[in-house]
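**Student:** If you want the building blocks of each chain, they are given just below.
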Amino acid sequence: MSPAEQNAVRQSARNGWLLSVPALVVLALAASGPLLIVVYYSFLTANDTGGVIRQFSLEGWRGIFLTYDIFDEEYRLADAHLTIFWRSVWLSLTTTLVTFAVGFPTAWFIATRPAQQRAMWLFLITIPFWTNLLIRTFAINEVIRNEGILNTALIWLGVIDRPLQIVYTETAVLIGMAYVYLPLMVLPLYATIERFDMRLLEASYDLYASRWRTLRRVILPIVKPGIIAGSILVFVPSLGAYVTPRVLGGGKKMMIGNFIELQFLQGKNWPLGAALSVTLLIIVMGALLIYVRVANRDRSSDHG
Amino acid sequence: MAERSFEISRLPGFATIAIAAFALLYLPIFTLVIYSFNASNSVAVWGGFSLHWYADAWANQAVKDATVRSLVIGASAAVLATTLATLAALGTTRRKAFKGQTFIYVMINQPLMVPEVVTAVALLIFFGIIKVATGYQGLGYLIAAHTAFCIPFAYLPIRARLESMDLALETAAADLYASPWQTFRRVTLPLLAPGIMAGAMLAFVISLDDVVITEFVKSGGQDTLPTYMLGQLRRAFTPEVNAISTMLLGVTVVLLTAFFLLTRKKD
Amino acid sequence: MKHLLSATAMVLATATLAAAEGQLQLYNWGNYTSPELLAKFQAETGIKVTVTDYDSNDVALAKVEAGGSGFDLVVPSASYVPIWVEKGLVQELDLSRLPNHKNIAPEWLDVDWDPGRTHSIPWQWGSTGIAVNTKVYGGDINTSAVFLEVPPELVGKINVVPEMVDILSLATMYVGGEPCSTDAEVMKKTRDVLLAAKPNWISMDYGATERLSNGDWAASVNWNGSTMRVRLNTNGDVQYGYPREGYPIFMDSVMLLQDAKNVDEAYKFMDFIMLPENAAMISAFARYANGIAGSEEFMPEDMKTAPEVVVPEEHKAAGVFLPTCTGKGLEYMTAIWTELQK
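Chains as they are written, first to last, in the numbering used here: chain A, 110 to 413; chain B, 4 to 270; chain C, 148 to 489.
Treat the hints with care, since some could be wrong.
[As the list claims (entries may be wrong)] Label-pair restraints from in silico Cβ distances:
(1) K67/B / L309/A: 49 to 55 angstroms
(2) A190/C / W195/A: 54 to 60 angstroms
(3) R222/A / R189/B: 21 to 27 angstroms
(4) G253/B / G383/C: 35 to 41 angstroms
(5) W195/A / V71/B: 27 to 33 angstroms
(6) R222/A / K102/B: 39 to 45 angstroms
[Unchecked claim] Cut-off 20 angstroms, straight-line C-alpha distance, at most; resulting in silico cross-link-like pairs (EDC-like, lysine to aspartate or glutamate):
(7) K67/B / E183/C
(8) K234/C / D406/C
(9) K475/C / D205/C
(10) K475/C / E183/A
(11) K489/C / E279/A
(12) K336/C / E183/A
Read the hints as simulated data drawn from the structure, not as lab findings. Yeah, the Cβ is synthetic: ideal placement off N, Cα and C, and Gly gets one too.
Generate coordinates for the entire structure from the input sequences, incorporating the hints supplied.
**Tutor:** Pasting the structure below:
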C-alpha cells in the first residue's frame, strides 16, 4: 500500500469514529454507561427491603444456575430459570419469523406503490402505534377473547362451533408480539426494497427464471441488509418483552423480562436480577456478533 | 416504463398478504375507537353511545399535560436520535473496515439487548446521583434516556438503506468537482431520505410507547401518557384512555391528510 | 422544527421551577386521587398539587431512595411503612401542626406498623378477598378454598391477582400458618396447595373490574373496592367473599419525605385530608374506606351500606394486617412465586 493510500485508510477510519462519537457519548451517558452499575450490583449482597448492601457476594451469580431449595436445604439446578429462558427464546424466534412472513410482502407492497403514495402507506403502518402499548394490548385482547370479534366471526362463518381459547396462551403472546413488533420489521425492509432496481426482475424473468427462483436468487440477497436489521429489531427486544406476556399471557407464563422485573421489585433480590441481566446481555451480544459476521461473510461471498 | 415495472414487481399473493396485514393491524384499533363512545365505565362491556369520555378527557388537565409531555419528549428524542444515528451510520458503513467498527456497532445496539427494566434501574441510580448533585430535575433526563434507547431503532434502518445504496452517484458527483458537503447535501442525503424517514418514525413511536424506563426516570409532575395509563392498570381502565387515544389518532389522520393534499397540489 | 425546539426549551424551563410558591408534589398510586379534592384544596389554600403516579410500592421506594425525586408526599402500603421509616426516607410528623390528627378513627391510630401515627396518616384502606359470580357458583364464597381447591364450576374460570405477598399470605393462612411464616412445614404445605391449584386458574392478572364485569372470568382474588364496582356493573351477580381462614387488610398512608421541599404545604394538605368531609371525597373517588372517624356520613349513598366497604361484623375477626416480610420468610415467598409463575 502506498503512503497515500495508507493515509486515506487512516483518514477514513478517523472519520468513521468522529461521525460515531456523538451517538456513543449519548449512549454512554444514558444507556450503556449506567449499566456498569448493574454489573457492579451483581456482585453485592441483596437487601431484603430493596436495593443492595455494599458487601461482596457471589450469591447473585450462583442464583442463576443453582437455586437453594429452601425446603430440602440444598442447592439444585435452577430448572425454572431454564424453562423461562427457553420459552423466551422460542417465542422471540417465532415472532421474528411471523413478522418476516407478514412484513416482507407488506414492505414489498408499499415499496411498489407509486412514489407519492409510499409515505402514506408507511404512515398507515405506524399510525396504530400512536396509541399506547398498554391500551393497544388490551384492544388485541378484546379481539381474540372468547366472545371477541375473531371468535364470533369464525363461529358465524361456521369454521368452528366453540370459541377458541386463545387468550392466556402462548399463542396469544405470539399474536400480541407479532402485532407490536411488525413495524420494526416492515420499516427497515422497506428502506432496502425501495432501493431495489426493478429492472433486475425484468432481467431475471427474461432469462426464464421462475418467480420463486427470482425471489430467492435476486430479491432476497439484495434486500438482505434490511432483513438483518429487521430481525435484530424484532428478535432482541422481544426477548425482554414485558407488557405483552403480562397482559395476553395472563401472567401464568413468565418471560425473561418479567422474571428479571420480579427480582428487582417484588422479590427484592437485586443482585440476582443484575446477574440475570448481565447474562442475557452477554448471550445476546454474542449471538448478534455471530449473526452479523455470518451475514456479512455471505454477502461478500455473493459479490465476490 | 413506470407501468411496466409496476406489473413486473408484482409477486403473487404479496398484495393480498399486505392488505390483510393492514386490516389486522386496524382491527384492534377499531374496537378501541368504538369503546371510546361507550356510555358505561367499561372498555369491554357496551353500555350505549355517549361522548362523555371525550368531555372527561378534555376536562382532565393531568391527561392533557401528559399527552403534550409525551409528544414533546417523543419529537425531541426522535429528532436527536435520528440525527445521531444518521451520523453514526455514515461513519460505520461503506468504508474500509476499521479498528473498533464492530465495537461501535455493538455499543449502538446495546440498548436493544437488555430488558427495559434493567436500563431503568441503572438510570434510576445514575440519574439519582446527578439529580442530588445538581438539583436539576427537569425533562432533560427523560429526553436523554429516550434519545439513547431510540438510537438503535433509528440506526438500523438507516444503515440498511446505506448498505444497499451504491457509491456510483456520489463518485460521479465528486468527479464533477462537487465538494464533499455538496455531494452529501445534494446526492447522499436525498438518496438516504427514505431510510432516515423510516428511522425517525420508528424512533418516535418507540419513544411514545415507552413505559418502564420513563416510570423510573421521571421526576415529580412528569407523567407521560403511558405512565399515566400504567398507573390505572391495577384498578381499571375507563374509556377515557380510549377517548384520548382516539383523539390522538384523529389529529394524526387529519394532519397527514392535510399534508398529502398539500404536497399533491405542488406536484 | 423551530417550534419544537422552543417548546422543548419552554418545558425544560418550567420543569426546573421546583419548589415555587404554593406548590405540592404528591406521589401516589395511579387513579387514586380525587381531582375534586385537589381543586377544593387549591381553592381554600392557593396551593397547587401536582400528582405523579406509581403502580407498585417497590417502584415508589426505589425511586425515592435513589434521591432527587422531587416529591413531597408519598402514599405507601402498611407493610412498607416501617421500611420507609427504617431507611430514613421520611420525617417524623410534628403532630402539633396537624390539629385534625384527632379525627383518625381509634382502630387506625395505634397500628402495629406506626404506633401513635407519628409518621403516617390514613389515606384509604381495603381488603383482598374473593369476588365470585354467584350465577356460576352458588357455594360458600367466604373461604380461600374458592381459589385453592377450585370447585368444578369455577375450573378454568378463576383469576388470581399477581400480588405475591397477598396470594402467598392467603394460602399460608389457608393451610393454618401465619403470613410471612418461616416454618418450613407450613411453607411446604403452602407451596403444594398453590401448585395443585394453579392448573385450575385461567390467569394471574390485573384488570378484574373489566373481566368480571364482561364475564371473561367467573371469579377472581380481588380487592374490595374493585369488586364493589363489578357488583354494580353486574346487577349483584358478582359478590365479595371474606375468607374465614384469614384475609389481608391493606392501608395506604401518607408520609412526608425527608427531602421534601414544600414542607408547610405538605402539612396543610395532610391536615386537610383528615377532615371527615374531605376524607369522604377521597373515598367517593376511589371507592375505598378511609380511616377518618365521621367521614361515613359524607360518603355516597351506595358506599354507606356496601358489604365490600363496611365489613360485616362476622368477618371482621379474620382480617389480618400483613407484616413487613424480610429474611427467610421473603425467600420462601419468592421461591414459591417463581415456581408458580414459571
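**Student:** For every hint, state whether the structure bears it out.
**Tutor:** Verification of the supplied hints:
1. Checked against the hint of 49 to 55 angstroms, the pair K67/B and L309/A passes, with Cβ atoms roughly 52 angstroms apart.
2. Between A190/C and W195/A the Cβ separation comes to about 58 angstroms, which falls inside the hinted range of 54 to 60 angstroms.
3. Checked against the given bound of 21 to 27 angstroms, the beta carbons of R222/A and R189/B, roughly 26 angstroms apart, stay inside it.
4. Checked against the given bound of 35 to 41 angstroms, the beta carbons of G253/B and G383/C, roughly 38 angstroms apart, stay inside it.
5. Restraint check, W195/A to V71/B: a C-beta distance of roughly 43 angstroms breaks the suggested window 27 to 33 angstroms.
6. A hinted range of 39 to 45 angstroms holds for the C-beta pair R222/A and K102/B, which are about 43 angstroms apart.
7. Of the pairs offered as hints, the one joining K67/B and E183/C holds, with about 17 angstroms between alpha carbons and a cut-off of 20 angstroms not exceeded.
8. Proximity of K234/C to D406/C is assessed by CA-CA distance (about 13 angstroms); at most 20 angstroms being required, the pair is judged to hold.
9. Distance hint between K475/C and D205/C is fulfilled; the C-alpha atoms sit about 19 angstroms from each other, no more than 20 angstroms.
10. Taken as a hint, the K475/C and E183/A pair is honoured in the structure, with Cα atoms around 15 angstroms apart against an allowance of 20 angstroms.
11. Between K489/C and E279/A, the direct Cα distance comes to roughly 13 angstroms. Compliance with the 20 angstroms bound is thereby established for this hinted pair.
12. Note on K336/C and E183/A: the hinted pairing holds, with a Cα-Cα distance of about 19 angstroms set against a maximum of 20 angstroms.
Violated hint for the displayed structure: number 5, the only one.
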